[in-house]
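Q: Each chain, written out:
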Amino acid sequence: MTLRLDDLSKSFGAVSAVESVDLELSGSGTLALLGPSGCGKSTLLRLIAGLEQPDRGRVLFDGRDVTQLPPQKRDMGIVFQDYALFPHLNVAGNVGFSLVEGRRSPARIKSRVGELLELVGLLGLERRKVFELSGGQQQRVALARALAAEPSLLLLDEPLSNLDPELRGALQVELHDLLSGLAVRALYVTHDQAEAFAVAPRVALMRSGRILQDGPSAEVLAWPGNAWAARFLGYRNVFSADNRPVRSDHDGALLLRDDLIGMTRPVAGSLIGHISRIERISHRLRLTLAIADWGGDLIWEGYERELPAGISVGDELGLDVPDAAWVKLEPE
Amino acid sequence: MHDRTLGHVLGLFAALFLAVFFFYPLAAILFRSAGVDSLLQILSNPYYWGRFAFTLGQALLSTALTLLLGLPAALLFGRYEFTGKRLLRSLFTVPFVMPTVVAAVGFLALLGPRGVFGTDLRGTLTLILLAHVFYNFPVVVRVVGSYLEATAPQLREAAQTLGASPWRTLLRVELPLAAPALAAAASLVFIFTFTSFGVILILAPNLPTVEVEIYRLTSRLLRLDAAAVLVVGQLLLVGCVSRLYVLLQRQLSVRMGGAARSLPRPSGVVRALLAVQLAVAAILILSPLVALGVQAFWPAGQAGPTLAGFRALHQAPLTATFSGAGEAVFNSLLFAFGTMVLALLVGFAFAYAVVRGGWHWLDDASLLPLAASAVSLGFGYLIAFPRLATSPWGLLLAHTLVAFPFVARALLPALRALPPSLLEAAGTLGAGSWSRLRRIELPLLRPSFTTAAAFAFAVSMGEFGATLVITRPEFATIPVAIFDRLGRPGLTSYSAALALSVVLMVVTAAAMLVIDRSGPGEL
Numbered sequence: 000m001t002l003r004l005d006d007l008s009k010s011f012g013a014v015s016a017v018e019s020v021d022l023e024l025s026g027s028g029t030l031a032l033l034g035p036s037g038c039g040k041s042t043l044l045r046l047i048a049g050l051e052q053p054d055r056g057r058v059l060f061d062g063r064d065v066t067q068l069p070p071q072k073r074d075m076g077i078v079f080q081d082y083a084l085f086p087h088l089n090v091a092g093n094v095g096f097s098l099v100e101g102r103r104s105p106a107r108i109k110s111r112v113g114e115l116l117e118l119v120g121l122l123g124l125e126r127r128k129v130f131e132l133s134g135g136q137q138q139r140v141a142l143a144r145a146l147a148a149e150p151s152l153l154l155l156d157e158p159l160s161n162l163d164p165e166l167r168g169a170l171q172v173e174l175h176d177l178l179s180g181l182a183v184r185a186l187y188v189t190h191d192q193a194e195a196f197a198v199a200p201r202v203a204l205m206r207s208g209r210i211l212q213d214g215p216s217a218e219v220l221a222w223p224g225n226a227w228a229a230r231f232l233g234y235r236n237v238f239s240a241d242n243r244p245v246r247s248d249h250d251g252a253l254l255l256r257d258d259l260i261g262m263t264r265p266v267a268g269s270l271i272g273h274i275s276r277i278e279r280i281s282h283r284l285r286l287t288l289a290i291a292d293w294g295g296d297l298i299w300e301g302y303e304r305e306l307p308a309g310i311s312v313g314d315e316l317g318l319d320v321p322d323a324a325w326v327k328l329e330p331e
Numbered sequence: 000m001h002d003r004t005l006g007h008v009l010g011l012f013a014a015l016f017l018a019v020f021f022f023y024p025l026a027a028i029l030f031r032s033a034g035v036d037s038l039l040q041i042l043s044n045p046y047y048w049g050r051f052a053f054t055l056g057q058a059l060l061s062t063a064l065t066l067l068l069g070l071p072a073a074l075l076f077g078r079y080e081f082t083g084k085r086l087l088r089s090l091f092t093v094p095f096v097m098p099t100v101v102a103a104v105g106f107l108a109l110l111g112p113r114g115v116f117g118t119d120l121r122g123t124l125t126l127i128l129l130a131h132v133f134y135n136f137p138v139v140v141r142v143v144g145s146y147l148e149a150t151a152p153q154l155r156e157a158a159q160t161l162g163a164s165p166w167r168t169l170l171r172v173e174l175p176l177a178a179p180a181l182a183a184a185a186s187l188v189f190i191f192t193f194t195s196f197g198v199i200l201i202l203a204p205n206l207p208t209v210e211v212e213i214y215r216l217t218s219r220l221l222r223l224d225a226a227a228v229l230v231v232g233q234l235l236l237v238g239c240v241s242r243l244y245v246l247l248q249r250q251l252s253v254r255m256g257g258a259a260r261s262l263p264r265p266s267g268v269v270r271a272l273l274a275v276q277l278a279v280a281a282i283l284i285l286s287p288l289v290a291l292g293v294q295a296f297w298p299a300g301q302a303g304p305t306l307a308g309f310r311a312l313h314q315a316p317l318t319a320t321f322s323g324a325g326e327a328v329f330n331s332l333l334f335a336f337g338t339m340v341l342a343l344l345v346g347f348a349f350a351y352a353v354v355r356g357g358w359h360w361l362d363d364a365s366l367l368p369l370a371a372s373a374v375s376l377g378f379g380y381l382i383a384f385p386r387l388a389t390s391p392w393g394l395l396l397a398h399t400l401v402a403f404p405f406v407a408r409a410l411l412p413a414l415r416a417l418p419p420s421l422l423e424a425a426g427t428l429g430a431g432s433w434s435r436l437r438r439i440e441l442p443l444l445r446p447s448f449t450t451a452a453a454f455a456f457a458v459s460m461g462e463f464g465a466t467l468v469i470t471r472p473e474f475a476t477i478p479v480a481i482f483d484r485l486g487r488p489g490l491t492s493y494s495a496a497l498a499l500s501v502v503l504m505v506v507t508a509a510a511m512l513v514i515d516r517s518g519p520g521e522l
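Protein chains in written order, with numbering that gives the first Met the number 0: chain A, 0 to 331; chain B, 0 to 522.
Derived from the structure by calculation, the hints contain no laboratory data.
Glycine included, each C-beta is placed from N, C-alpha and C at the ideal position.
Honestly, I wouldn't trust all of these hints.
To be verified - If you anchor each label on the Cβ, the simulated ranges turn out as follows:
(1) B:S164 x A:G113: 25 to 35 Å
(2) B:V275 x A:T66: 27 to 37 Å
(3) B:A416 x A:F130: 15 to 25 Å
(4) A:E218 x B:S164: 34 to 44 Å
(5) B:L124 x A:G37: 53 to 63 Å
(6) B:S420 x A:S10: 52 to 62 Å
(7) A:L59 x B:V269: 27 to 37 Å
(8) A:F130 x B:T427: 30 to 40 Å
What the hints assert, rightly or not - Below, computed lysine to any residue pairings styled on SDA-like, alpha-carbon distance capped at 25 Å:
(9) A:K128 x B:R171
(10) A:K128 x B:Q153
(11) A:K109 x B:G34
(12) A:K128 x B:L169
What the hints assert, rightly or not - Chain A is nowhere near these chain B residues, computed Cβ spacing over 10 Å in every case:
(13) F95
(14) L154
(15) G292
(16) P412
(17) L417
(18) W433
(19) T491
Take the sequences, apply the hints, and build the full model.
A: In structure tokens form, the structure reads like this:
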């Protein structure tokens, strides 16, 4: 199954939600569409599903233009952010909804519903009313319902955002395992970068209606495209072009990946940092270091064991900065 | 929650009010009808069975027609966004507020003996059904349409992505979703049309409903025992249907949480369908009111426009039993303002006791006066408080009883929506329950109080059944004066009735503008 978006654009009044998006998905596996709220990722998902009509551009499934097709004629399932479970149907009725539309026999519907509920770990809850379920259970019913008709594309719109953080973490792992075990292409929309990387092997970054960067998760994480992407992915040491601490042949902004910096006792010849602040972030420490050579600050985060013993505010540290820690950023 | 003293005090007050001014008068009627002889006499009289059958038949027919007309409009209303939707929604509040007397006189101006079309449908079942559909069709659109609007858009999208075509979505999602709301609306319409009084008395007095029969028996024939039997029979039936309504309402409040979606705009065939539907709806609602307005200034048969009807308003009473129009306007305003104050007090006591005192049974109980018919209540007052009923206080209390449920219904959702943390915060800052009420709750409830006050005012202005039963000439209100003039021959009386109806319509329309800003609450 290949999904191709071709110069897709959509605006609401004066607001342009999706702007000239080209994207190609092929094979199986999950792509996370990651971006801050209001960046147009949900609109993009709705365009793919056929719930919105684009102003310009095409949506192609396996080379076939489906732009004009209504949602029910497209081969995809969708998990809505608020689940949109039918309150007048029980769990089995919800999960089997698309199977009834597909004119399957009652016996086949029953066995398929059983299969799906087993897959999401809700076997035995067939007769339950959906509003009596917990949030996590509702989320699983929504997933089973979307998978019932064996769509070749699964769309998930912030499926975990209505759950509390602890449950969200557990379900992220569960969803990752489940999705990678299925032969279905999934597009997973989220604003939470940790969730995107936990669930999907591939990530597309989206900002202001445009796809900024798209690639394997590890690559996107290691080499963010521009300063905005670097900050959005959680990097703190981003230096703009006119404020670079080191000489470089690159004329754009620079990112210094603190996760690659080694910390030692101050040694002659190494870069020296002066600890101006120590914060404890659960198991980890965050240091703010004033670097005299640069006339600026560096923020480092890591475990206590990576640091020389017994440091405190006012102490000096030696910084071992490999060349690979410097990432050249494209202009925004 | 911390101390509930105030909630309990108000709960006690509310329960006492209901016991003394609602249950006691009804019990008095029951007591009155308890004689086995009169009971058998009434039950063996085929005339009363006939009236009961007619009332039931016209109520069922009215309900069915109302649903038939209301459902497509409700579906379109819940499904699409379109220009003029807000205006139409306001228009659909009309029947919640417009007095039945105004509606009835409007239909008289439209299709009565002197109607604008020259067709006289007075005294026919057709006119009764038309008036009932006019009055109740917007109730269906409002109740069902709003419910669908709030729940269906996201579910419709989900159904589509699961392979259902628009028709299949209608069949498998929207109609099943609408069913409980539709049943709730149907039971409400049934209650309204079964106990229909003003419409029947003015448009087809030859086809009396049970309610009209009760009025005839008490006020004209003075057969209180027979009236009591009818009241009890009607109470039993309407009570059951009201219970059904409450249960359905509760089912409707079990909702799935979900983000509101913006609705699509209609296109093609649907657009044409919607336009036709809504045009019919608007014409149905507006035509009697327009006919009334036109005829008040230009009665049929007159050469040109005239203000004769309005001039008659300040004429002195002609006889001792016939109150002047100016006096009626004065009385109506006086009772309406009095009712407003009392109903706000009582309605607030109910709402506060339910939410802050945990007196949950008062929630359902506050709907009871709506289910009991107004004529029965008036009759109950006559029996239970013969002296009080003939003083202005009797009328004021009867109006309060009919109006406070609207107040309670308007305040309940607002009070429930107040975050408890606000009160807890005020508590930790040293505010006792009285202080919290005065400094936190009352200021935050102000918009709802405005709606509630406007409702109470409008209900009192339009109250007809109870007023007609217990009124004395010197306390006559506008609706009573209108009815009085309709019963007299001659164009002058007819014009005066029209002019008074216009006055009543304008005053209630003003109240409606106030209500429109925040909607009719939980009803």
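Q: Hints first: check each against the structure and report whether it holds.
A: How the hints compare with the structure:
no., hint, result
1, B:S164 x A:G113: 25 to 35 Å, "holds, 27 Å"
2, B:V275 x A:T66: 27 to 37 Å, "holds, 32 Å"
3, B:A416 x A:F130: 15 to 25 Å, "holds, 20 Å"
4, A:E218 x B:S164: 34 to 44 Å, "holds, 43 Å"
5, B:L124 x A:G37: 53 to 63 Å, "holds, 59 Å"
6, B:S420 x A:S10: 52 to 62 Å, "violated, 40 Å"
7, A:L59 x B:V269: 27 to 37 Å, "holds, 29 Å"
8, A:F130 x B:T427: 30 to 40 Å, "holds, 35 Å"
9, A:K128 x B:R171, "holds, 17 Å"
10, A:K128 x B:Q153, "holds, 18 Å"
11, A:K109 x B:G34, "violated, 62 Å"
12, A:K128 x B:L169, "holds, 21 Å"
13, F95, "holds, 27 Å"
14, L154, "violated, 5 Å"
15, G292, "holds, 39 Å"
16, P412, "holds, 20 Å"
17, L417, "holds, 24 Å"
18, W433, "holds, 38 Å"
19, T491, "holds, 58 Å"
Checked against the numbered hints given earlier, the structure breaks hints 6, 11 and 14 and satisfies all the rest.
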